[in-house]
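Assemble chain G onto chain F, guided by the hints.
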Amino acid sequence: MATEKLSMAQALNRALRDSLAEDPSVYVFGEDVGPLGGVFRITDGLTAEFGEDRCFDTPLAESGIVGMAVGMAMNGMRPVVEMQFDAFAYPAFEQIASHVAKTRNRTRGKVGLPMVIRVPFAGGIGGVEHHCDSSEAYYAHTPGLKVVTPATPEDAYYLLREAIASPDPVVFMEPKKLYWAKEEVDFDRPVPGIGKAVVRREGTDATLIAYGPSVSTALEAAEAAAQEGRSLQVVDVRSVVPFDDETVCAAVRSTGRAVVVAEASGYASVASEIVARVTERCFHSLAAPVRRVTGFDIPFPPPKLERFQLPGVDRILDAVDDLQWEDQ
Amino acid sequence: MAEHQGLLPSEQPIQLLDESGTPVDDTDLRMPDSQRLLEAYTSLVIGRRVNDQASALVRQGRLAVYPSSHGQEACQTGAALALADGDWLFPTYRDTAAVIARGVDPVEVLTLLKGDWHAGYDPYAHNVAPQATPLATQLLHGVGVAHAARLRGEDTVVMALCGDGATSEGDFHEALNFAAVFKAPVVFFVQNNEYAISVPLAKQSAAPSLAHKGVGYGVNGERVDGNDAAAVLAVLARAVEAARSGEGPQLVEAHTYRMQAHTNADDASRYRSEDEVDPWVARDPLLRMETYLKKKRVLTKARQAEITEKAEQVAAHMREGVNRDIEPDGAELFRHVFAEPTPQLTEQAAFLADELSREGN
Chain F
4 MATEKLSMAQ ALNRALRDSL AEDPSVYVFG EDVGPLGGVF RITDGLTAEF
54 GEDRCFDTPL AESGIVGMAV GMAMNGMRPV VEMQFDAFAY PAFEQIASHV
104 AKTRNRTRGK VGLPMVIRVP FAGGIGGVEH HCDSSEAYYA HTPGLKVVTP
154 ATPEDAYYLL REAIASPDPV VFMEPKKLYW AKEEVDFDRP VPGIGKAVVR
204 REGTDATLIA YGPSVSTALE AAEAAAQEGR SLQVVDVRSV VPFDDETVCA
254 AVRSTGRAVV VAEASGYASV ASEIVARVTE RCFHSLAAPV RRVTGFDIPF
304 PPPKLERFQL PGVDRILDAV DDLQWEDQ
Chain G
15 MAEHQGLLPS EQPIQLLDES GTPVDDTDLR MPDSQRLLEA YTSLVIGRRV
65 NDQASALVRQ GRLAVYPSSH GQEACQTGAA LALADGDWLF PTYRDTAAVI
115 ARGVDPVEVL TLLKGDWHAG YDPYAHNVAP QATPLATQLL HGVGVAHAAR
165 LRGEDTVVMA LCGDGATSEG DFHEALNFAA VFKAPVVFFV QNNEYAISVP
215 LAKQSAAPSL AHKGVGYGVN GERVDGNDAA AVLAVLARAV EAARSGEGPQ
265 LVEAHTYRMQ AHTNADDASR YRSEDEVDPW VARDPLLRME TYLKKKRVLT
315 KARQAEITEK AEQVAAHMRE GVNRDIEPDG AELFRHVFAE PTPQLTEQAA
365 FLADELSREG N
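Here the protein sequences line up with chains F and G, keeping their order.
Counted the way the numbering used here counts, the first sequence spans residues 4 to 331.
Counted the way the numbering used here counts, the second sequence spans residues 15 to 375.
Only chain F is shown next, with the shape it has when bound in the complex (with noise of 0.2 Å):
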């Protein structure tokens, strides 16, 4: 089976149901994830195959559900909560900030808490208000948590299996308008861990960095870019925390120059970490400043507006033009 075509979400479907399989102590639940099988199908199958003890529907309410989780992950087990969109995730923020991310801390290492956070997140899907926010920050900005988001199918598989058996909790950020694209997923070879960037695509002018939901935006413009005849670079992120400064890093010192495209507001955003990280190590291999294409710094805008929000090839490629070529 060395290689399968799957969906970003049927992949994230055998990594649940993989792991339900290997791991007695792994349990799935939330709101509508049982017999429905989620509103975006994550979890289907997986209450017929397992029992309604292994993946179970939860009282709507989503403290609740991650409250429960934190007391479940204390006595022995590994559970793997959805929080059913971006925005509806923030009634658990205090059980997240306060509990999840420093039990470990507040019990000097005694309470580890083994748990996976599921978020589906961001734009470009149309969704109305409320279901399209990116809200990566908020957890990335929150000491002990891990914050990890996927770009490709086989990145799904992976990074689920490995967010499930982390020792710490993991905030899974999968963003939804790449749920449904087919790419092969190579099952014999694990891809790099959670803490692991990846160059996506060679190139020497520039460096793309990107993760989620706007890798794929960055390799269109990549692509676009080399008709022209500019060779960019694009590296995904993967992982927001752990940050991988060193594959960063040495992208970026071997173009000279670096575009950061995320689809969250700009204003103390993952990308404005990223643009400063990568000036504070890279200066002197600096051609031109840091760039951003981010969101504008305002509420996700309506489906019929989201087009001016979201960072496009045009507004990549427009950016790249401005890294002071000119100097060359």
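Be careful, since some hints might not be right.
[To be verified] Residues on chain G that point at chain F, a partial pick, calculated with CB under 10 Å: (1) Thr36; (2) Val38; (3) Tyr107; (4) Asp136; (5) Pro137; (6) His155; (7) Leu165; (8) His187; (9) Pro357; (10) Leu359.
The hints are simulated quantities; they were obtained by calculation from the structure and are not laboratory data.
From a predicted model like this one, the values you see are computed outputs, not experimental measurements.
All C-beta atoms, glycine included, are put in the ideal place defined by N, C-alpha and C.
What follows is chain G alone, placed relative to chain F:
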């Protein structure tokens, strides 16, 4: 409907001993046996001594703050004694005496308020969760521990504590609802001490009683005189057994009173009068149990001296431990964020170490 009527608490809080220490027999609950009551009395005396010693250590500048349960010791004692060894206790910041009654070393418990770390004890050593400062959040953790145990076929019961103010929080509602839906073996024990810092119960809830809230979730509610240690023990023991035998979660409200300010940093005279506090002095839980046990000749002078001596030993141990300064280790700050420090934390730990070495520390 009749079944739902059964969820409602009694009209009046259950009492086994009235304020004068005289047995009341208008309840179907049996008085715990003398041995059990003596155990409870010992725990009450130690709890009171712990409370007053900790408050003294605040005045001496050795603890940052201490939210005392002075006057609520019957609840503290009952919560701990009603549990079996394998059960779990989920305490709040005001439940230090209950944590100690469960067997945790007082000095480890006071690590939090001494400021050496956050939770100072190993939660798995006595199945006592870290004392929760955020309100009602720990109730959900209790539900999770209980649900996990039930899934594994264990007969663990969780005693989850909160105060009257916490019943206004969303997590109180979510915890009762989740526990009821999953039939999780949890006893939710609300110590209604009439105040959430300065806000009296009347401004907190319009429910007939806090125990009445159970009916909305399909959870059995019960009310008990929180200053009657015998009744608290009997009511909680019954609730624990109901939860253990698969009857689902139970809600018990104890009617008690916060005799002192919220903490030493609070000034209770700004929101309540001495006239209000005075009647509660006569309802003291220690006095009531002492009167009863002396009348029954269970508590002899010699026995009482022994108990006092035991409490003094606990207080001496607290003073000794809390007065001992521990040199804080900055490197430890990075050790417990993740199982393995991230490259960023390793870098930051090295930065701090370098800074300290240059300061000559």
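| query | When the hints from earlier in the document are held up against this structure, which numbers fail? | reply | 1, 2, 3
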